[in-house]
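Please take these sequences and the hints and turn them into a complete structure.
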Amino acid sequence: MSAIWTDLAPYLALILVGYLPNEVWRLFGLVLARGLNEDSEIVVWSRAVATAILAGVIAKLIVFSSGALAGIPLGVRVSAAACGFLAYLLVKRSVFAGVLAGEAALLLGGWLVVH
Amino acid sequence: MPAPATFSSSAAAFLGGVKSALTSVFFLVLAGTYIGMGALAHDFGFSSWWLALSTVLVWAAPAQVILISALGAGSALIEAAIAVTLSAIRLFPMVVALLPLLRGEGTRLRDLLLPTHFTSVSMWVESIRLLPGVPRERRIAFCNGLSVGYMSTAASFGFVGYYLAAELPPLFAGSLLFLTPLSFLLSTARNAKAMMDKLALVLGLLLGTILTATNVQLDLLWTGIGGGTLAYIVHRLREAAA
Numbered sequence: 555m556s557a558i559w560t561d562l563a564p565y566l567a568l569i570l571v572g573y574l575p576n577e578v579w580r581l582f583g584l585v586l587a588r589g590l591n592e593d594s595e596i597v598v599w600s601r602a603v604a605t606a607i608l609a610g611v612i613a614k615l616i617v618f619s620s621g622a623l624a625g626i627p628l629g630v631r632v633s634a635a636a637c638g639f640l641a642y643l644l645v646k647r648s649v650f651a652g653v654l655a656g657e658a659a660l661l662l663g664g665w666l667v668v669h
Numbered sequence: 053m054p055a056p057a058t059f060s061s062s063a064a065a066f067l068g069g070v071k072s073a074l075t076s077v078f079f080l081v082l083a084g085t086y087i088g089m090g091a092l093a094h095d096f097g098f099s100s101w102w103l104a105l106s107t108v109l110v111w112a113a114p115a116q117v118i119l120i121s122a123l124g125a126g127s128a129l130i131e132a133a134i135a136v137t138l139s140a141i142r143l144f145p146m147v148v149a150l151l152p153l154l155r156g157e158g159t160r161l162r163d164l165l166l167p168t169h170f171t172s173v174s175m176w177v178e179s180i181r182l183l184p185g186v187p188r189e190r191r192i193a194f195c196n197g198l199s200v201g202y203m204s205t206a207a208s209f210g211f212v213g214y215y216l217a218a219e220l221p222p223l224f225a226g227s228l229l230f231l232t233p234l235s236f237l238l239s240t241a242r243n244a245k246a247m248m249d250k251l252a253l254v255l256g257l258l259l260g261t262i263l264t265a266t267n268v269q270l271d272l273l274w275t276g277i278g279g280g281t282l283a284y285i286v287h288r289l290r291e292a293a294a
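Just so you know, the sequences run in chain order Z and U.
The first sequence begins at 555 in the numbering used here and counts up by one.
The second sequence begins at 53 in the numbering used here and counts up by one.
If you are wondering where the hints come from, they were derived from the structure by calculation, not from laboratory data.
Model, not experiment: these values are computed from the prediction.
Each statement offered as a hint is correct.
Okay, the calculated bits of chain U under chain Z, using three or more residues with CB under 8 Å as the criterion: (1) 103-109; (2) 142-148; (3) 161-169; (4) 236-244.
Calculated from the model, a selection of chain U residues having no Cβ within reach of chain Z, i.e. all distances over 12 Å: (5) S208; (6) F211; (7) V212; (8) Y215.
All C-beta atoms, glycine included, are put in the ideal place defined by N, C-alpha and C.
Listed below in structure tokens is the structure:
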């Protein structure tokens with residue numbers, strides 16, 4: 555019995571601690587969005603809030619990184635993001651070009667710091 | 053703006069969505085992000101199938117990173133659940149903004165269940181960009197195809213990362229983790245055509261940094277409500293002035 559429990563515990567934790575607390579916000583959205591059309595003011599406002607939260611997530615991931623990314627200095631991370639944005643603007647608003655340039659800058663900067 | 057696409061059937065629209073997913077920049081971004089996620093799950097001692105299930109059920113990279121690192125480090129379950137739910141608040145306004153684009157004349161609630169579950173940054177950004185060019189009656193099928201394309205990419209590369217984990221040098225692992233914020237930043241900038249969206253993006257970046265640096269509780273919630281509302285008010289004022 556306890557062996558089964560040990561095997562199942564991570565899956566139970568996935569449902570209770572991962573799936574449910576995450577999914578609840580999607581379901582709230584489904585309930586609220588009933589009867590709204592895309593031009594209603596609350597939908598326009600929601601788009602602004604979603605964009606701002608997403609920007610907040612981006613800032614947190616770059617400025618307050620965790621894991622292996624935290625090993626690369628803050629200055630390198632921010633400069634690499636700026637390089638990526640510049641390349642995106644220069645190459646006809648290409649996200650691909652921007653990601654490539656930003657990653658190249660990060661790898662180069664990270665390598666230079668170590669060497 | 054991409055050229056409008058006409059699809060002869062729902063199946064064609066679904067396949068069109070899968071094709072859009074596999075040829076977009078998010079294919080590479082998800083591949084890289086989930087290689088990083090696989091390495092993380094491996095390092096914290098989860099099984100590769102657990103990771104695949106978490107990709108299908110949770111389907112949000114920030115929440116999965118929190119879940120894996122919190123559970124793996126032995127944090128209290130309630131603490132992990134709170135961190136996950138805070139990171140997921142952004143999904144709420146995304147669903148509210150997306151579903152009206154998907155809904156047509158005879159759309160039933162159950163038709164919207166899958167797109168609701170599939171809502172995540174990559175899918176949302178691409179749906180907002182591409183759906184206006186898809187006939188309304190094909191949008192749900194297109195959106196489901198797009199999402200299935202993204203989700204299978206993420207799940208597959210999770211396995212790749214899991215088995216590569218031991219081989220990844222730290223700088224390379226760091227560069228994989230950098231893919232998520234970088235691509236989110238650029239694709240959000242590309243989608244921000246209206247002044248309101250640009251303003252929301254800039255305000256969110258600033259507020260997110262300031263509120264996190266000053267240890268404000270629920271920083272992302274206040275970033276969204278504060279930055280988003282301010283951008284919305286400016287948009288209304290400009291409309292009224294015009």
